[in-house]
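> Residue strings, one per chain:
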Amino acid sequence: MYASPFEYARASSWQEAVGLIAEEGEDARAIAGGQSLAPMMMLKMAEPAFLVDIRDVAPRTIERDNGMLRLSALARHADLEASPDVAAAFPALGEAAGMIGNVRVRHRGTIGGSLAHSDPSAELPCVAVAAGASVTTLGPSGERSVPAAELFVSHFTTSLDHGELITRVDVPALQHGQGSAFAELIRRPGDFASVMVCAVVRLGADGRCADARVVVGSTADRPLDVTAAAESLRGAELRTEAVAAAARAVADTTEIGSSTHGSEAYRREMVAVLTRRALLKAAARARGEGAHE
Amino acid sequence: MSVDAPLATPARHGVDGPYARDFEEKVAGALRYADDWTLPGMLHGAVVRSSLPCARIDSIDTSAALGIPGVRAVLTADDVPHNVISEEASGLGLDPVIMPMLAHDRVRYDGEPVAVVAAETQWAAEEAAALVVVEYEEVPGVFSTEDALADGAPVVHAHGNRYVAWHLEEGDVEQAFADAEVVVEATYRTQHVDHAYLEPEAGVAWIDGDGVLVLRVSTQVIEHARTIAEMLRLPHARVRVIGAYMGGGFGGKEDMTVEPYLALLAWKTKRPVRMVWTRQESLLARQKRHPFTMRYRTGATRDGRITGQEISIVGNAGAYPLLSTRVLFAGAVNATGPYRFDAARVDSVAVFTNTVPTSAFRGFGAMQVVFAYEQQMDRLAEALGIDPVALRERNFVSQGDRRATGESIDTGVGVADCLRTVVDALGDASPSTLGKRVGIGYGCSMQPYGRSVFFADRASCWMGLEQDGTLVIRAGVTDLGAGQAASLSQIACETLGMTIDQATIHIADSHLTPLTGGTFATRQLYMSGNAALKVARELKAMLEPVAADLLGVDAGSLEWGDNKVCATGRPDHAITMGELSRAAENRSVMPYCHSTFAAEVGEFDPTTGRGRSFPDYTYGAHGAEVEVDEETGQVRILRYVACHDVGRAIHMQRVEGQIEGAVAQGVGYALSEEVQIDEDGACTSTLFADYLIPTSLDLPEIRAIALEIHPGKGPLGARGVGEPPIGPPAPALAAAIHNATGAWMTQLPMTPERILAAMREPVA
Amino acid sequence: MSDKVRITLEVNGRDVDAWVTTNQPLSEVLRTEAGQTDVKYGCGEGVCGTCTVLLDGDPVNSCLIFAIQADGASITTLQGLAAPDGSLGALQQSFLRHGGSQCGFCTPGMVLTAHWHVRNSPETDREAIRTALAGNFCRCTGYGKIIDAVEAYAKEAGRVG
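Chains as they are written, first to last, in my numbering: chain A, 546 to 838; chain B, 2 to 765; chain C, 2 to 162.
Possibly wrong hints are sitting among the right ones.
[As the list claims (entries may be wrong)] From the structure, some residues in chain C lie toward chain A, with a derived Cβ separation under 10 Å:
(1) ASP4
(2) VAL6
(3) THR53
(4) PRO60
(5) ASN62
(6) CYS64
(7) LEU65
(8) GLN70
(9) GLY87
(10) THR114
(11) ALA133
(12) LEU134
Note that these hints are calculated values from the structure, not bench results. Remember, predicted model here, so these are calculated numbers, not experimental data. We treat Cβ as the ideally placed atom computed from N, Cα and C, and that holds for glycine.
So that you can see chain A by itself, here it is in the shape it has in the complex (with noise of 0.2 Å):
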C-alpha cells in the first residue's frame, strides 16, 4: 500500500531540519532510517504531508567521555550492537538494540528514531529509562536536555513539542558495582515483545544491594519505572529468594494493558520471571561474574 503523497527535502545539519520542519508545520516530520514512520505512512496510519530527512545531518558517533557514553541520535541499532564503548559502559543497551526487529532494520534504525517514536513495545525507550539517560533536543525554541523518564507519555506519544528533534542520547556509563540486564519475552525471533524487563543495580561495599532500578516495558502505552515496587531489595543479598519476592511484588503493581500476545495472566507471571532473572543477571554482573551472556 502506498503512502500518502508528500514532499521531501534532506537537511545538511540539525538547524536546517528544525528550521524546515517549524517552517512546513504541524504536518512535517523528521524521517532518518524510517523503519519506524515508513511502515505506518505505508499503512496510512501516518500522513505526513512533509519530510524532512535526517540520515544525513550529522555523523553516527558513539563516544565514552569518562562516566558518560554519548550516542549521536543517528546511531543506528548495529551501531550500538557492535560498538565495544557500549558494551563497556552499558552493557544492557547493546544487548537490546540487538533484539530490535532484524538485521535490516537494524541497519537503518536509530535510537533518536526509536526514542522520538515512542512505541510501547519498543526496546530502546525501557533501557532508554532504566540507564537514567536523557536526551539533548534542539527546537525552534532552542536546545535543552530531557530525562528519558520524561520522555515517554503515551503510545507514540512522546514530551517533546512538534518539531523538537532529539539529537543526542547521553546514558551514565556503569561504575564499578553496578550491573545491567535486559530481557525480553517474544514470540518468534524479531518480533515486538510481549514483556520487556530492564534491570540495572548497584552494589555496596558489602555486597548488598544498594540502589536498583526496574522497567518494564511493553505492558503498558509506556515504559514503566517499578522500583518503587522492587524497593525490598535495598540492602539485601540479591540472590535468588529475595529478588523472586521483588519481581513478584513488581509483577503485581505493574500495568498491563491487553494485547494479542497473551492473557493478561500469563503476561503478569512473565513480568515477574524476567524481572526476576534480570536482576539476577544484573546483580551477577556488578559482581563481576558472567560479563558475556
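We have chain A; now place chains B and C onto it with these hints.
Here is chains B and C on its own, set in the frame of chain A:
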C-alpha cells in the same frame, strides 16, 4: 551486472550437476515469476473487499472511484457474465452452493470481494478501490462450528450450515468397545493456518492477437481455464492459462486466486491487466486450512491391541465450500492412522461459518487427524503402562489390512522401519537442566499420494528429439518450487541416457502443453512422472530399431548413456542422439511421442462409505527432542529426525528438501501459527508480523532420512513426499512436551501460554 | 497524481536515472525503473526479508525505504553478485549445489544477506549463519540446505575455523 547478461555455463561441481534450468535461474535472480512480466499499456488491478463478515449489500456506489484520474474500470457483480467461481459439484448429489466471483446481494466473510478496479497505475487502483462505497446492512452470522450447528442458528447458505457428512464404518463397533479393556477419549482442536508462501498471488492477463484471453499467473492448476471461460461465457478454447513458476503454493494456489479478477478486467477493458495481492489482503481473505475439532474414542485390550476407534470430525468450511468435501473425506479415510483395528466408525462433517473459506493446504485433512490419532496412541500407552513405541509397533498396519472404508492396503508398509530409524537416531533425551525440562516424543503417519481413485486421474506428456539431439518436453505441470519440472526432465533424460542440460521443458500452458492435472494431492510425481516415464520409454522403443539398424546390432544390444547410443560393451561404436533423430526422421519414424498415464480407477459409494479411496500412501515417523522452559512455557526444539519410506528417491537432495520444508511448516502449525478470527468474525492477524511462521532460529538442524524400502506406485517405484512430512511434527512435539512436562496438549498451536496452563492442569 | 522527481541510483555498478513519486518504495523503483525484477515483494512490512538489497553495503528492507531517500546510493541486488563474466557467483553456485533454493522466491534476499554476513564476519559457523539469516523467511526449505550452502561458501572464503 546488467540483467540482460546471459548466464554462462552452469557450475558442474558436486554430485548434482548439471542442474535443472529453473534452479539455475532462481539463484541467478533471472527467473520471471508471475509479477515479473510487463506488457505495453498494462493496467493495474485491485480488489475491493468487504469489511464485515456477514451483511446484506444494499448498494454499491462506484462514482467516486471512477472519478480518480487513470481509472479505466470499476466493476461489480452485475458486470460478470456468469458470476460463479464454483458450484461444488462433488458428485455427491449435494445442492450446489454458489461462490460468486464478486458478492452480489450479500457478503459472507470478512474480506469477501465486492468490486474490482483497473487503473493506469497501482496507486490509482488502490486510491479508487478505497473510494468504492458499499452500503451494508449487518445481519447475524455464525463464527464457530459450535454456533453454526446450534438449533436456530443463522444460516450461511440457504440449505443449512451442515454441508457434507461422510460416514465410514467397518466392523462391529459396539462389539469392539465391549471387548476393550481400556478406553481413552479426548477432543482435539486445530486452528486456521495460512500457506504464507513468500510470493503473493499475482498474474497478468491480456488478449492476444488471435483474440484469446491469456492469463500468466502463479497457479497450481491451469485447468481452471475452463472455469474462467465459463465465467465470461467464452468458449473454452478462447481462454489460455499459463502457469508461471510459483514462489510457493502449498495448496493456497490450487483454487483460483487472482484469475477471475484478471480475466474480467482484461476482458472488459481490452487491455493487459496486472494484479498482485498485498500480503495483508492475502492473510485476510485467501482460503486457509480447515480447522478440525476431532473427538476420538479409542479402545484396546490390556496388552495393547486396538479394538475399536470411534471418531467424529467437524471441519470449519468457512463461508464457501471450495474443496471442503474432499478435505473432510481425506480426514475421514485417514482418521484411524497407520493402525489396525477390529472396528472403526468415522463421521466427518463440513460446516459453514461466516469466516474465511477453507480449502486445500498441504496435508489436506489427512494431516490434521495425525495430531489426534498419535496422541490417542500416547494416551493409550500411558493408560496401559506400555512404551509408546512398543504400542505402535503392536498395532501398525501391514499390506493387506483393511481400512475404515473396507478397502485393503495394497502396497508395502514401511512405518515400522521409519519409527525404528528415528528412535535409534535420537537415542535418549539429553538431561534436563535447572528450569528447563527435556523430553522426546514420536509421531507417525500415513498420508495419501495421488487423487482419490474414483476421479480417474490422468496426465499426458509430449517429448521430441530435435535434429541436433536435444530434447524438448511439453507437460502441463505447474511448478511450485519442488522440482516438478526438473523431475520430469530428469526422468526423461535418465530413461533416454541423456544429461539434463540437453533437455528443455515447457510447462504449464493450457493450450500448448498436454494437460497433466494440477500440482496438488502429492500427485505430480505419481501422475506426470509416470507419464514422462511412459512417454520416454515409448520414444525409446520407437527409436530402438533405428539405432539398432544404424549400429548393425540387435535392438536388445544397445546401451543408452552420455547422450549417445552405443552397441553394448563397445562405447566407441556409437551414434549421437542427433544422428539418431535425423536418421529416424529420414525413415519417417518421427522422433516424438505423446502419451497419457491413466491412474488406477476405483469406486466409492458415498452413501455406504465403502469402496476405494486413495491409490497409495507414504508412511513416516518423526522424533523430536524439546526443551521446555518451566517458567515461561517456551519450547526449544533441540533435535529433530524425520524419516519416510519414499519407495524410490528420484532425486535424493530434493526429497530431503521436501521433508525438511514440510517439517518446518509442521512445526509452525504445531507451535506458533494461527490466523486469528475474533468472536465477531473479524480477522485480527492481517500483518505478516503477526503470522508467526518459523524463522531459521525457530528450527533445529532437521535430519531428514528417506528410506527406499517398499516400492510405491510412482515412476520407478517412487512414493510422493510433498505432503507426508507435514503431519507428524505436531504430535511428535506434543509427545515430547508431554514427556518433558507431563502436560497433555489438545489444542493447536501449542503456545507457551497453553503449555504452561496444561502443565498446571491436575493429572486426570 | 504527484509530480515526479529525478533520482540517481547506482545499481549493480551501473548508473540508473529514474523519475519517481515521493511515495514510491525503493523496491518498486528497482523493479520497474532499473529493470531489477530480482528484487521481490513479500510482505511490505519489512519482516520477511524477501525485498532485501544492499544499500551502500548494508542489508535493508527495500520495501520500507522511499526511493527518494536512496537518491545517490549504491545498490546491490542478487544479480550484482554474479561473476565478472556473467556466470553465477560463488555463493549462488553453492546454493545450486546444496539445494538451497526450492521455489527461489526467498533466494535473492537470502543470498544477499548471507553474502553480507560472510563478507563481514572474520569467522562464522553454522550457528552464526543460522542467526544471521533469522530475518529472512523461507517457507520451502526448512533452512537446512540454505545453511549448508552458506557454510560451504564461508569455508571456501576462509571464514570457518
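> Each of the hints needs a verdict: does it hold here or not?
Results for each hint:
1. ASP4: holds, 9 Å
2. VAL6: At about 8 Å, which falls below the 10 Å cut-off, the nearest Cβ of chain A leaves the hint on VAL6/C intact, so it holds.
3. THR53: holds, 6 Å
4. PRO60: holds, 5 Å
5. ASN62: This hint holds: ASN62/C lies near chain A, its Cβ roughly 5 Å from the closest one there, short of 10 Å.
6. CYS64: holds, 8 Å
7. LEU65: holds, 5 Å
8. GLN70: This interface hint holds because 6 Å falls under the 10 Å limit.
9. GLY87: violated, 28 Å
10. THR114: holds, 7 Å
11. ALA133: holds, 7 Å
12. LEU134: holds, 9 Å
The structure shown violates just one earlier hint, number 9.
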